[in-house]
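There are 2 protein chains.
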Amino acid sequence: MTRNALPESTMPMVPPRVLLGPGPSNASPRVLQAMMAPMIGYLDPDFMEIVEEVSHLLKIVFTTEEAITMAIAGTGSAGMEAGVSSLLEPGDTAILGVCGFFGERMYDMAQRVGANVVILRSEWGKPFPAEMMEAELKRHKQVKLIATVHAETSTGVQQPLGDISRLAKQYGTLFMVDAVTSLGGTKVTVDAEGIDYCYSASQKCLGCPPGMSPVALSQRGRQAIKNRKQKPASWYLDLDLIARYWGPERTYHHTAPVSMILGLREALRMLVEEGVDNRIARHKRNAAALRAGVQALGLKLVVPEPHRLDQITPLWIPQGVDDGKVRNALLREYNIEIGRGLGQFSGKVWRIGLMGESSKSEYVLALLSALENILPRCGYEVPVGAGVSAASASLAAAAGAR
Amino acid sequence: MTRNALPESTMPMVPPRVLLGPGPSNASPRVLQAMMAPMIGYLDPDFMEIVEEVSHLLKIVFTTEEAITMAIAGTGSAGMEAGVSSLLEPGDTAILGVCGFFGERMYDMAQRVGANVVILRSEWGKPFPAEMMEAELKRHKQVKLIATVHAETSTGVQQPLGDISRLAKQYGTLFMVDAVTSLGGTKVTVDAEGIDYCYSASQKCLGCPPGMSPVALSQRGRQAIKNRKQKPASWYLDLDLIARYWGPERTYHHTAPVSMILGLREALRMLVEEGVDNRIARHKRNAAALRAGVQALGLKLVVPEPHRLDQITPLWIPQGVDDGKVRNALLREYNIEIGRGLGQFSGKVWRIGLMGESSKSEYVLALLSALENILPRCGYEVPVGAGVSAASASLAAAAGAR
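Here the protein sequences come in this chain order: H and A. Straight run, no breaks: the first sequence in my numbering ends on number 413. Straight run, no breaks: the second sequence in my numbering ends on number 413.
None of these hints come from the bench; they were simulated from the model. Keep in mind that a hint or two might mislead.
Heads up, the list lumps identical chains together, so a pair's fine if it works in one copy or across two of them.
To be verified - Here are the simulated EDC-like cross-link-like pairs (lysine to aspartate or glutamate), alpha carbons at most 20 Å apart as the crow flies:
no. : residue 1 : residue 2
1   : K242      : E115
2   : K242      : E100
3   : K336      : D55
4   : K180      : E64
5   : K336      : D57
6   : K237      : D119
7   : K240      : D119
8   : K137      : E316
Using the sequences and the hints, build the whole thing.
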């Protein structure tokens with residue numbers, strides 16, 4: 012049998028990409044290998060030990076002893092909706108402090124469940140000011156929940172949580188945090204910040220394929236769900252039902268996505284082996300190199316200091332340069348994917364993600380080199396080699412500092 | 012480096028099971044291998060071709076040219092909720108004809124979205140009588156949707172769809188069908204039966220890990236969603252938003268679960284390679300052998316002819332035999348999982364699943380042999396070898412008949 016005679020369908024036929032967009036990031040080969048384990052029942056006693064291990068590893072990653080930690084069978088948006096629809100009842104008042112695309116998504120979901128939702132919008136590219144939240148809290152008698160996005164993937168902004176956390180305590184509201192892009196790249200401290208519900212996603216800083224949403228639910232959050240007057244609109248994303256499977260009861264809810272849970276376990280093991288703080292430092296180092304490089308190329312960063320995320324770096328697309336042409340050349344000539352702008356940043360911004368397995372110095376250097384090659388063809392003159400040199404120097408300096 | 016020095020976490024540590032329960036069934040190694048492909052972006056043009064291929068293969072499997080076919084990022088229950096919450100608005104009248112655990116789940120979901128739900132319950136272990144549905148349709152002015160479960164996993168009953176399909180046409184209602192356990196093991200003909208929404212699951216007769224819900228949505232079903240007065244309660248499971256990603260618009264909804272979609276594609280390719288009718292015949296052959304075998308052991312089938320599913324065979328647990336002890340011995344001594352009874356069948360019934368990769372003659376023979384060994388220790392005398400002989404003869408007869 013010649014090589015060409017291999018059955019077509021057994022070949023992967025998936026081109027090898029360097030994923031430097033907003034996610035999915037590259038998945039670790041170790042994680043993909045773990046997903047190849049044979050199938051096992053979702054109530055098999057041996058699988059229950061694996062579920063228990065995932066729960067335990069998530070406690071480390073979310074920095075919590077008190078919360079229930081579990082993984083929802085869906086993407087980060089499923090984690091978002093599980094929180095919104097389980098914590099809010101029709102008529103409950105919620106205040107969302109947002110300045111990006113994903114805050115708007117939360118608003119859409121909260122309206123669908125019939126909550127009385129106040130959305131506070133601030134400028135894209137800057138964090139949400141806690142004072143706006145405080146002013147609004149004063150205007151309402153009873154607020155059930157306040158929420159924000161820890162790391163806005165659409166703008167590249169890191170939201171400081173301290174002041175909002177204090178407000179939640181002061182006004183006795185539940186506190187929900189979107190940690191989809193932050194978990195594993197920025198410290199997430201569920202107990203210390205008094206977060207009642209925190210949700211993330213498997214495919215960003217955790218290095219696992221998309222399809223799971225790891226979450227932490229505080230005891231107070233769970234009690235609030237138990238105290239509801241009516242059942243949540245969603246059965247599939249009912250956090251109390253999900254917690255009965257992840258908790259000691261082990262009650263059947265839906266068939267757990269076995270392979271994804273095996274992948275997530277391996278990804279969390281890798282994170283804990285590397286050390287959460289070491290992984291955060293790696294994200295910091297590579298993001299600093301990327302910023303040094305793109306600035307040396309004359310490109311402008313969207314987010315001012317000190318609010319920059321290390322996970323995702325938005326750049327203004329230089330005037331006259333064709334967004335799609337550059338992204339297409341990166342993909343077709345270099346197998347590199349970068350992200351386009353979302354919402355009001357559409358067509359104006361590129362978003363470079365360096366998350367999890369994709370946060371590697373070699374990818375930073377490869378991207379800068381590719382941009383140096385592509386941009387002049389697209390009407391933007393760059394000082395050749397400057398970007399790579401700046402990034403390389405930044406990485407060397409960081410290495411020296413260690 | 013000695014073999015023991017391999018890092019613990021790179022080993023699968025998942026025991027190899029023969030999964031003969033209600034699902035997940037065993038996953039095909041070819042499917043697991045396909046899931047190991049490197050990660051790719053969910054809007055990458057090369058991935059869009061893969062999404063298109065999945066859609067095309069699903070049309071063959073659902074026997075539809077007209078419907079939109081797609082895979083929802085969740086388990087079969089997510090597919091169920093996507094239908095219930097997208098097709099029904101608060102106040103809409105729906106009639107569910109059910110006789111099993113999963114019909115009750117549909118009822119729970121429909122109540123949560125605020126629909127006016129009429130549930131018609133009939134005897135567990137028998138199909139739902141269409142006359143009951145007709146009587147109820149006459150009593151209501153305007154019924155938006157009628158629904159039933161094609162293959163009730165909890166009872167092992169196959170529901171004939173013809174009469175209910177005719178009623179849907181006659182009364183002008185939408186028609187929703189749960190094909191979680193039927194798809195790939197019983198013919199599902201979406202266009203011919205006029206099904207407006209049909210949902211299934213990846214982990215039963217398709218031989219893929221759990222975590223995806225393949226669905227078919229008729230044009231009329233989609234139009235009904237577009238005509239809604241208010242948005243569905245669920246954003247994540249909003250079929251119209253999901254269809255905009257799976258359709259020509261390719262609009263970002265949530266991050267598609269890339270590895271699961273790659274696995275599903277391979278599973279669907281394998282199904283189409285085998286031939287849908289051939290796979291159904293395989294399910295029929297192995298189920299017949301199982302029935303011959305367990306009856307030769309003196310065990311009694313729950314479902315009378317001609318309503319038996321080939322996917323799952325429920326047996327009455329003989330009087331005095333400890334349910335858990337037998338299932339535990341099968342698992343611990345033979346690595347075989349069978350299903351326990353759900354709902355009113357809890358503790359009274361075992362459910363033997365032979366679906367997808369698990370529908371193999373060698374598994375039938377192994378299970379019967381294991382039962383012959385275990386049952387006498389658990390207080391039930393069996394004629395040794397009788398079950399295996401009967402199954403073996405049944406398989407030989409079927410082979411001769413081909």
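Each hint, compared with the structure:
In this assembly of identical chains, K242 and E115 lie within 20 Å of each other by CA distance solely across copies; the values are 16 Å between and 25 Å within a copy. In the homo-oligomer, the alpha carbons of K242 and E100 lie at most 20 Å apart both inside one protomer (8 Å) and across protomers (16 Å), since each shortest distance falls under that limit. Proximity of K336 to D55 under the C-alpha cut-off of 20 Å is restricted to the inter-copy arrangement: shortest distance 14 Å between copies versus 51 Å within a copy. In the homo-oligomer, the alpha carbons of K180 and E64 never lie at most 20 Å apart, since the shortest distance is 31 Å inside one protomer and 51 Å across protomers.
Taking the shortest Cα distances, K336 and D57 sit within 20 Å of each other only across copies (17 Å), while inside one copy they are farther apart (51 Å). Taking the shortest alpha-carbon separations for K237 and D119, only the inter-copy value of 17 Å comes in at or below 20 Å, while the best intra-copy value is 24 Å. Proximity of K240 and D119 under a CA criterion of 20 Å is satisfied inter-copy only: 16 Å between copies versus 22 Å inside one chain copy. Only within a single protomer do K137 and E316 lie at most 20 Å apart by alpha-carbon distance; the minimum there is 10 Å, versus 68 Å between protomers.
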